[in-house]
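In the order they appear, the protein sequences are chains P and U. Numbering (numbering that gives the first Met the number 0) for the first sequence: 0 to 253. Numbering (numbering that gives the first Met the number 0) for the second sequence: 0 to 646.
One or more of the hints may lead you astray.
[To be verified] A short, non-exhaustive set of chain P residues, derived as facing chain U with CB atoms under 8 Å:
id: 1; residue: 11
id: 2; residue: 13
id: 3; residue: 15
id: 4; residue: 24
id: 5; residue: 25
id: 6; residue: 27
id: 7; residue: 48
id: 8; residue: 56
id: 9; residue: 57
id: 10; residue: 112
id: 11; residue: 135
id: 12; residue: 138
id: 13; residue: 139
id: 14; residue: 140
id: 15; residue: 145
id: 16; residue: 146
Note that these hints are calculated values from the structure, not bench results. No experiment lies behind these values; they were computed from the predicted model shown. Positions of the beta carbon are idealized from the N, C-alpha and C atoms, including for glycine.
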Amino acid sequence: MSSYEARFKVWRGDVQGGGLEDFEVEVNDGEVVLDIIHRLQATQAPDLAVRWNCKAGKCGSCSAEINGRPRLLCMTRMSVFDRDETITVTPLRTFPVIRDLVTDVGFNYTKARQVPAFVPPEGVGPGEYRMMQEDVDRSQEFRKCIECFLCQDVCHVVRDHEENKQAFAGPRFLMRVAELDMHPLDAAEETGLDRKRTAQDEHGLGYCNITKCCTEVCPEGIKITDNALIPMKERAVDRKYDPLVWLGSKIRRR
Amino acid sequence: MSVVDRQEWDVVVVGAGGAGLRAAIEARERGARTAVICKSLFGKAHTVMAEGGIAAAMGNVNAGDNWQVHFRDTMRGGKFLNQWRMAELHAQEAPQRVWELETWGALFDRTKDGRISQRNFGGHEYPRLAHVGDRTGLELIRTLQQKIVSLQQEDHRETGDYESRLKVFQECTVTRVLKDGEKVSGVFGYERETGRFFVLEAPAVVIATGGIGKSFKVTSNSWEYTGDGHALALLAGAPLLNMEFVQFHPTGMVWPPSVKGILVTESVRGDGGVLRNSEGKRFMFDYVPDVFKEKYAESEEEGDRWYDDPDHNRRPPELLPRDEVARAINAEVQAGRGSPHGGVFLDVSTRMPAEVIKRRLPSMYHQFKELADVDITAEAMEVGPTCHYVMGGIAVDSDSAAARGVPGLFAAGEVAGGMHGSNRLGGNSLSDLLVFGRRAGWHAAEYAGAARGERPRVDDVQVDTAAAEALRPFSTESGENGEDAEGPPENPYTLHQELQQTMNDLVGIIRREHEMRRALDKLAELRARAARAGVEGHRQFNPGWHLALDLRNMLLVSECVARAALERTESRGGHTREDHAGMDRAWRNVNLLCALADGADAPADGDAARGRIALTRETTEPIRPDLLALFDKEELVKYLAEGELYE
């Protein structure tokens with residue numbers, strides 16, 4: 000195996016505007032796109048802005064769009080591209096650009112604050128929590144989320160509709176609601192908080208029309224649509240339109 | 000005078016990994032208005048990369064476990080150099096810290112009876128690590144992050160402002176701790192996004208910035224690990240303890256080159272993975288040192304039986320403490336029995352069914368599949384040592400986490416020294432973050448409360464000096480060809496690569512006197528060149544500039560490591576001298592302290608090549624008799640000097 004020169008187009012600019020800049024750059028065996036961006040920094044563009052951290056697919060910092068597809072720069076191997084292909088790297092489109100490949104992802108932190116936290120059950124002290132593995136499996140799947148925000152970026156509800164950002168929390172935070180709702184010991188309901196209802200009424204679950212784009216781009220392979228969003232939709236619908244289901248669930252809890 | 004945005008807080012926490020967030024939660028819950036500053040986005044800190052688990056003697060899987068056993072394991076792992084009071088507090092408080100996470104929403108893997116599951120790990124006598132698959136660090140950071148958000152939600156309900164009592168300043172870098180006389184008065188830093196400077200005035204500052212791994216070429220550490228907190232403390236006048244001890248994790252990826260160093264969790268071995276050389280031999284049986292002889296299996300059969308019947312068999316030597324395993328792998332490769340890409344083989348594929356591997360080690364499966372085209376359920380991994388952790392750090396008071404010599408300065412987590420002695424056991428890091436993060440936050444809040452009447456003042460001259468220091472890399476571009484009297488401007492990326500190569504080659508896993516002397520010479524040269532590190536562009540999110548500033552810190556801590564390593568003429572834990580091969584009991588009670596040499600803090604230091612670190616020795620406090628009594632006399636004889644045994 001050998002080194003070769005690859006052609007790259009990298010978006011450079013800031014809030015004022017910018018455009019794609021051409022680079023020719025060396026690529027070695029086994030490298031990922033982030034390695035190439037780093038080589039550009041070290042040799043051709045020292046002030047090229049990019050976010051990254053762990054370079055091992057665990058922190059979710061280096062999200063960008065490669066040939067238009069939302070991906071982690073550190074987990075995209077160069078070997079998935081043809082050697083004569085020009086590789087285009089652009090910032091996440093759904094969020095305002097700060098500089099080059101770095102965007103303002105503050106939207107996500109705002110949405111995170113709007114989801115009420117885990118409510119510890121009363122009368123169960125530290126060390127007394129008992130939960131069965133099969134009961135935590137589902138929420139654990141959602142807690143694999145590395146908050147790369149690729150699902151937030153790809154979701155067409157906000158990708159091309161800035162106006163929906165106010166009402167729509169996005170897949171990541173709807174999944175957070177589902178995670179807490181499925182937590183075996185979350186006591187939200189006892190405090191009068193109906194998480195399923197808030198998903199619909201406050202976090203915009205109704206905007207989602209299950210195109211599964213979020214699931215497709217998730218680097219952790221979380222089945223966001225099937226396992227988090229659809230079950231919540233079903234139950235939100237049950238609650239909203241069927242008082243008998245609601246009553247039944249109340250009685251069964253006793 | 001520079002116009003710099005200023006805010007007043009009670010406690011400022013630098014770093015938002017496990018220790019920083021835990022400190023911030025504690026300080027805020029004790030009533031201090033608390034600010035957290037981190038270089039990355041909130042929730043991205045290096046703690047997310049911790050895989051195996053949190054060590055805490057809850058006794059869920061083996062009821063024989065308790066804090067005394069955990070304490071013993073920790074002291075053995077650290078070869079008795081640990082600050083024993085820290086090891087004691089850590090072992091005692093870790094279970095509470097883990098259980099508390101559950102009340103904040105953490106979801107650990109469960110035992111059959113619904114309690115927190117615990118797994119085996121190197122150096123731990125019983126299954127002790129609370130875990131979530133092999134992504135425990137992510138669970139820890141997310142839980143703490145969400146706890147912070149929940150406190151902010153409380154504050155929002157009360158005050159209408161999420162950030163009235165607890166605020167995270169993300170993507171900001173602190174370059175100086177400011178002082179009013181002897182006392183801390185705040186921090187100076189810049190926003191990465193805009194390049195704007197700011198000052199947070201506070202009587203108490205908690206440093207929780209993690210480690211130094213980015214000074215080494217092959218490392219499991221992220222870009223943030225540039226030794227910032229170590230350097231901030233040094234520059235503020237606080238000494239660093241035992242910086243020679245750097246842990247090389249035995250199993251990092253070795254191929255392809257671009258991922259070299261990425262961690263392969265110790266859980267692979269804890270769950271049954273074995274190490275083999277190119278001849279197919281499980282070589283670890285040849286590398287059990289005398290001090291551990293009675294505790295490890297002598298045959299493969301016994302080692303294999305241990306997984307199912309730990310009470311009647313001894314553990315396999317693959318689960319020796321990390322320093323032992325890393326040295327053994329190094330020796331096998333040196334002897335020509337390595338794998339094709341210069342590591343050894345780590346195999347789970349012949350030890351567990353594919354389904355079990357995918358369930359217990361999902362990230363490892365994913366990581367090898369995606370980055371190396373290796374299916375770990377079908378073939379062996381190639382692994383080799385990678386720079387992973389620094390045991391050395393800011394010298395602190397065991398109980399309060401207060402840094403020595405600088406009132407108002409606290410430190411917790413990897414940046415603090417002492418807890419792990421000469422070598423850290425796997426799993427003891429996450430518990431360390433929680434135990435001492437909480438203690439640092441608690442004592443910082445108390446200290447700040449006491450200082451409320453007379454807050455220390457921020458000195459404008461210090462602010463101006465810090466601003467000038469931070470802007471210096473932009474001024475080397477002057478002159479037609481960028482040349483000035485001292486030499487051409489330097490590329491910070493090139494300097495960083497040379498530093499990493501130097502530390503890797505000359506102060507790495509096996510050390511020799513002449514190499515460390517060469518390293519010190521090279522560091523002097525790099526220091527001089529770093530004074531001319533120049534950057535292009537402007538201050539807005541400029542990674543070249545950020546690196547130029549981080550170089551100061553990496554060069555300082557690298558000098559500490561090299562000087563201390565040269566001084567300690569023995570091999571112990573994460574410090575291996577080829578020219579002083581054995582552990583020397585006379586060194587057992589010796590701490591090496593690094594402090595800034597006189598006059599070395601002037602940013603405009605004309606003589607950049609001059610060494611900036613002064614080294615002193617001190618005798619450690621004798622281990623408390625009731626703690627010593629937890630060990631057999633025969634074992635203590637191997638570690639303690641004659642004089643110590645008498646007392």
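Min Cβ distance, residue 27 of chain P to chain U: is it shorter than 8 Å?
Holds - the Cβ of residue 27 of chain P comes within 8 Å of chain U, reaching about 7 Å at its closest.
Would the stated hint for residue 24 of chain P survive a check requiring a Cβ distance to chain U of less than 8 Å?
violated, 14 Å
Close enough to count: is the Cβ of residue 56 of chain P nearer than 8 Å to one in chain U?
Result: holds, 7 Å to nearest chain U Cβ.
Holds or violated: is there a CB of chain U closer than 8 Å to the CB of residue 13 of chain P?
Because about 7 Å separates residue 13 of chain P from the closest Cβ in chain U, which is inside the 8 Å limit, the hint holds.
Evaluation of the interface hint that places residue 140 of chain P against chain U, nearest CB under 8 Å:
violated, 10 Å
Cut-off 8 Å, beta-carbon criterion: hint that residue 15 of chain P touches chain U
With Cβ-Cβ at 11 Å, over 8 Å, it is violated.
Identify whether the interface hint at residue 48 of chain P stands, where standing means a beta carbon of chain U within less than 8 Å of its own.
holds, 4 Å
Under 8 Å is the threshold here; is the Cβ of residue 146 of chain P close enough to any Cβ of chain U for the hint to stand?
Hint holds; residue 146 of chain P Cβ to chain U Cβ min 6 Å, cut 8 Å.
Go through the hint on residue 25 of chain P and say holds or violated, using the shortest Cβ distance to chain U against 8 Å.
Check failed: Cβ of residue 25 of chain P comes no nearer than 12 Å to chain U, outside 8 Å.
Supplied contact hint for residue 139 of chain P, tested at 8 Å Cβ to chain U
holds, 5 Å
Supplied contact hint for residue 138 of chain P, tested at 8 Å Cβ to chain U:
With Cβ-Cβ at 6 Å, under 8 Å, it holds.
Can the hint on residue 145 of chain P be confirmed by a CB-to-CB distance to chain U that is less than 8 Å?
This interface hint holds because 7 Å falls under the 8 Å limit.
In this structure, the hints that do not hold are numbers 1, 3, 4, 5, 14, in rising order.
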